[in-house]
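*Asks:* The residues making up each chain are set out below.
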Amino acid sequence: MAPPNRSARAAVLASSVQRSQPTPYPSKQRSAFVRRLVLSVLVLAALAMLTISFRSPTAGALHDAQSYGATALRPFQIAATRVARPFKDAYDYVDGLASAKSRASRYQRENAQLRAQLVAAEAAAAKTPSLEKLYRYEQGSTFPAGFRPVNASVISFPDGPFSEEIAIDVGRNAGVTVNTPVVSGDGLVGRVTNVFSRTSLVTLLTDPQSYVAARDVKTGVRGLLHRGAGNTLILDQVAKQLPVAKGDPLVTDGTHNARYPDLYPYGIPIGSVASVGVLDTASFLQVQVAPYAELSSLDSVAALVATKRR
Amino acid sequence: MTPFDAVKAAAILFVVAIAQVSIFSQVHVLGGVPDLLLVTLVAVSLLRGSLAGSLAGFGAGLVVDTASLGEMGLTALVLTLAGYWIGRYGETTGRDRLHAPFLSVAVVTVLYAFGLVVVHFVLGDSAPAGPVLRGLAPAIAMNLVLTAPMYALVRRLLRPAQREDLTSEVQLLG
Numbered sequence: 001m002a003p004p005n006r007s008a009r010a011a012v013l014a015s016s017v018q019r020s021q022p023t024p025y026p027s028k029q030r031s032a033f034v035r036r037l038v039l040s041v042l043v044l045a046a047l048a049m050l051t052i053s054f055r056s057p058t059a060g061a062l063h064d065a066q067s068y069g070a071t072a073l074r075p076f077q078i079a080a081t082r083v084a085r086p087f088k089d090a091y092d093y094v095d096g097l098a099s100a101k102s103r104a105s106r107y108q109r110e111n112a113q114l115r116a117q118l119v120a121a122e123a124a125a126a127k128t129p130s131l132e133k134l135y136r137y138e139q140g141s142t143f144p145a146g147f148r149p150v151n152a153s154v155i156s157f158p159d160g161p162f163s164e165e166i167a168i169d170v171g172r173n174a175g176v177t178v179n180t181p182v183v184s185g186d187g188l189v190g191r192v193t194n195v196f197s198r199t200s201l202v203t204l205l206t207d208p209q210s211y212v213a214a215r216d217v218k219t220g221v222r223g224l225l226h227r228g229a230g231n232t233l234i235l236d237q238v239a240k241q242l243p244v245a246k247g248d249p250l251v252t253d254g255t256h257n258a259r260y261p262d263l264y265p266y267g268i269p270i271g272s273v274a275s276v277g278v279l280d281t282a283s284f285l286q287v288q289v290a291p292y293a294e295l296s297s298l299d300s301v302a303a304l305v306a307t308k309r310r
Numbered sequence: 001m002t003p004f005d006a007v008k009a010a011a012i013l014f015v016v017a018i019a020q021v022s023i024f025s026q027v028h029v030l031g032g033v034p035d036l037l038l039v040t041l042v043a044v045s046l047l048r049g050s051l052a053g054s055l056a057g058f059g060a061g062l063v064v065d066t067a068s069l070g071e072m073g074l075t076a077l078v079l080t081l082a083g084y085w086i087g088r089y090g091e092t093t094g095r096d097r098l099h100a101p102f103l104s105v106a107v108v109t110v111l112y113a114f115g116l117v118v119v120h121f122v123l124g125d126s127a128p129a130g131p132v133l134r135g136l137a138p139a140i141a142m143n144l145v146l147t148a149p150m151y152a153l154v155r156r157l158l159r160p161a162q163r164e165d166l167t168s169e170v171q172l173l174g
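Chains as they are written, first to last, in my numbering: chain H, 1 to 310; chain C, 1 to 174.
Rather than coming from a laboratory, the hints here were simulated on the basis of the structure.
Errors might be hidden in some of the hints.
[To be verified] One-sided excerpt, in silico: chain C residues whose CB lies under 10 Å from chain H:
| no. | residue |
| --- | --- |
| 1 | Val-29 |
| 2 | Val-33 |
| 3 | Glu-71 |
| 4 | Thr-80 |
| 5 | Leu-81 |
| 6 | Gly-124 |
[Said to hold, decoys possible] In silico negatives: residues of chain C with every beta carbon more than 12 Å from chain H:
| no. | residue |
| --- | --- |
| 7 | Asp-5 |
| 8 | Arg-97 |
| 9 | His-99 |
| 10 | Val-107 |
| 11 | Phe-114 |
| 12 | Pro-128 |
| 13 | Gly-130 |
| 14 | Leu-133 |
| 15 | Arg-134 |
| 16 | Leu-144 |
| 17 | Leu-146 |
| 18 | Ala-148 |
| 19 | Pro-149 |
| 20 | Ala-152 |
[Claimed, not checked] Label-pair distances were calculated between CB atoms; the ranges are:
| no. | chain 1 | residue 1 | chain 2 | residue 2 | range |
| --- | --- | --- | --- | --- | --- |
| 21 | H | Ala-79 | C | Arg-134 | 31 to 37 Å |
| 22 | H | Gln-139 | C | Arg-134 | 52 to 58 Å |
| 23 | H | Phe-33 | C | Arg-97 | 22 to 28 Å |
| 24 | C | Phe-14 | H | Ala-59 | 23 to 29 Å |
Computed from a predicted structure; not experimentally measured.
Just so you know, even glycine gets a beta-carbon here, dropped at the ideal spot from N, CA and C.
Let's have the full structure, built from the sequences with the hints guiding it.
*Replies:* Below, the structure is given as structure tokens:
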């Protein structure tokens, strides 16, 4: 008899009785063999069908058998589909209700996105005329030699009657420096007065501190263009006896003395003479100028960066 | 397994295979597709052992391959192995365990999905694992939901086999 504190495991391990090796039942041996044989046959059959199907997917006996089988199964599939139709419709209905809210918000997002794209496209299209003018000017014969255009968009406009400056989206990184002339497709706009890495500040012709040496193309009369009374541009310093007529085109006069180079190269269109007046009390002609550039609605401009050191 | 049991198992697997191809394959929930055929195969294999499981998997796979006009033998191969493995699990460690159907369904859903990916990859077909991975969790969840009623139905149709009927190489103590 085993002592009371002896465990069953110890009893088994310490048993002096030598157990015989259990022999599996012949029927179980046979069933394991059959099981493995059946599995092997099935796997081989599946692999054989797979190989045949893969090698000749569109023809052959297996393809024909599959075709006949599919034809035979078709009625069952149709029946199953018909039986399931009401359930599927109900599922689709519930699913549609559940996803309607998310779909609505998705459509709203897409709508907003499309609207933004439309506005962006319209805005881009609105800039096309000014870009075309600018391109024509840059490719034209009047474009000053020794300069290259750096195209820019106007990113801010004069914010009131006391400011005659615009900001453009090119700066030091593009080679722009202080006093770089800025033009639009129509004519002179002004010059850069402050430059940052990627933006620049442009002082317009209409700023009180802006002075441009100008020349009447038809008569060769020179003068100094600056802002006059009443927010107009005037061509100043023109003697009374000199011939200046209404409609005469004005361009920048350029440099006459190499020691004192002008800020603007010769030949940039500025505007045309709007009126010519003579006052007995004044020493010079009263020449009003209408600028070619639409200074109040600039979209695309070009900074004229010198290609060689001046 | 009696011939009558075999007929009943074949009938239910045929109906479920047709339903799987025609109905359940179109149910997409969060990227996952419920697999009623796999759940039924698990039930049959657990109740009738590896021999019946492998035969059931092969037959059901053939029906699916034929009805879906896919590569003949592809689904049959994977389901044969699945049925055999579940049957062996049912004959040995999974015997009489309450969680055996659920555990089998969860594991086999994963193995079946990746088994198909592997076979398609070997055949040179497009075998993107990403969508399979994304749809795996919903598929497991849906299959687990289907497990209890399907296992109960199959158990009702196929009476649980006597222990002597099941082939076994692992003897349980006690």
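*Asks:* Now, for every hint given, state plainly whether the structure supports it.
*Replies:* Here's how the hints hold up against the structure:
1. The interface hint given for Val-29(C) is met, as the beta carbon of that residue sits about 9 Å from the closest beta carbon of chain H, less than 10 Å.
2. Interface restraint check for Val-33(C): the shortest CB-CB distance to chain H comes to about 13 Å, outside 10 Å, so the restraint is violated.
3. At about 5 Å, the closest approach between the beta carbon of Glu-71(C) and any beta carbon in chain H falls short of 10 Å, and the interface hint on this residue holds.
4. Interface hint status for Thr-80(C): upheld, as the beta-carbon distance to the closest one in chain H is roughly 5 Å, under 10 Å.
5. Against a cut-off of 10 Å between C-beta atoms, the interface hint on Leu-81(C) holds, since the closest Cβ of chain H lies about 7 Å away.
6. Residue-level restraint check for Gly-124(C) holds (minimum Cβ-Cβ distance to chain H is 9 Å; threshold 10 Å).
7. Every C-beta of chain H lies more than 12 Å from that of Asp-5(C), the closest at about 17 Å, which supports listing it as non-interface.
8. Consistency note on Arg-97(C): stated as away from chain H, and its beta-carbon is indeed over 12 Å from all of that chain's, at 21 Å minimum.
9. Every beta carbon of chain H lies more than 12 Å from that of His-99(C), the smallest distance being close to 25 Å; the non-interface claim holds.
10. Separation of Val-107(C) from chain H is adequate, the least Cβ-Cβ distance of about 19 Å exceeding the 12 Å criterion.
11. Here Phe-114(C) stays apart from chain H, with its beta-carbon at least about 17 Å from theirs, past the 12 Å limit.
12. Listed as a non-interface residue, Pro-128(C) keeps its Cβ farther than 12 Å from every Cβ of chain H; the least gap is roughly 19 Å.
13. With a cut of 12 Å on Cβ distances, Gly-130(C) stays outside the contact zone with chain H, its closest approach being about 22 Å.
14. Residue-level check passed: Leu-133(C) sits 23 Å from the nearest beta carbon of chain H, beyond 12 Å.
15. Every C-beta of chain H lies more than 12 Å from that of Arg-134(C), the closest at about 18 Å, which supports listing it as non-interface.
16. With 12 Å as the threshold on Cβ separation, the claim that Leu-144(C) sits away from chain H holds: the shortest Cβ distance comes to roughly 19 Å.
17. Distance check on Leu-146(C): its Cβ is at least 14 Å (rounded) from any Cβ of chain H, clearing the 12 Å threshold; non-interface status holds.
18. No Cβ of chain H approaches the Cβ of Ala-148(C) within 12 Å, the least distance being about 19 Å, so the stated non-interface status holds.
19. The non-interface label for Pro-149(C) is consistent with chain H: the shortest C-beta to C-beta separation is roughly 15 Å, beyond 12 Å.
20. Under the 12 Å C-beta cut-off, the non-interface status given to Ala-152(C) relative to chain H holds; the minimum distance is some 20 Å.
21. Between Ala-79(H) and Arg-134(C), the C-beta spacing of about 33 Å keeps the proposed range 31 to 37 Å intact.
22. About 55 Å separates the C-beta atoms of Gln-139(H) and Arg-134(C), a value consistent with the hinted range of 52 to 58 Å.
23. Checked against the hint of 22 to 28 Å, the pair Phe-33(H) and Arg-97(C) passes, with Cβ atoms roughly 27 Å apart.
24. The hint said 23 to 29 Å for the Cβ distance between Phe-14(C) and Ala-59(H), and at roughly 28 Å that hint holds.
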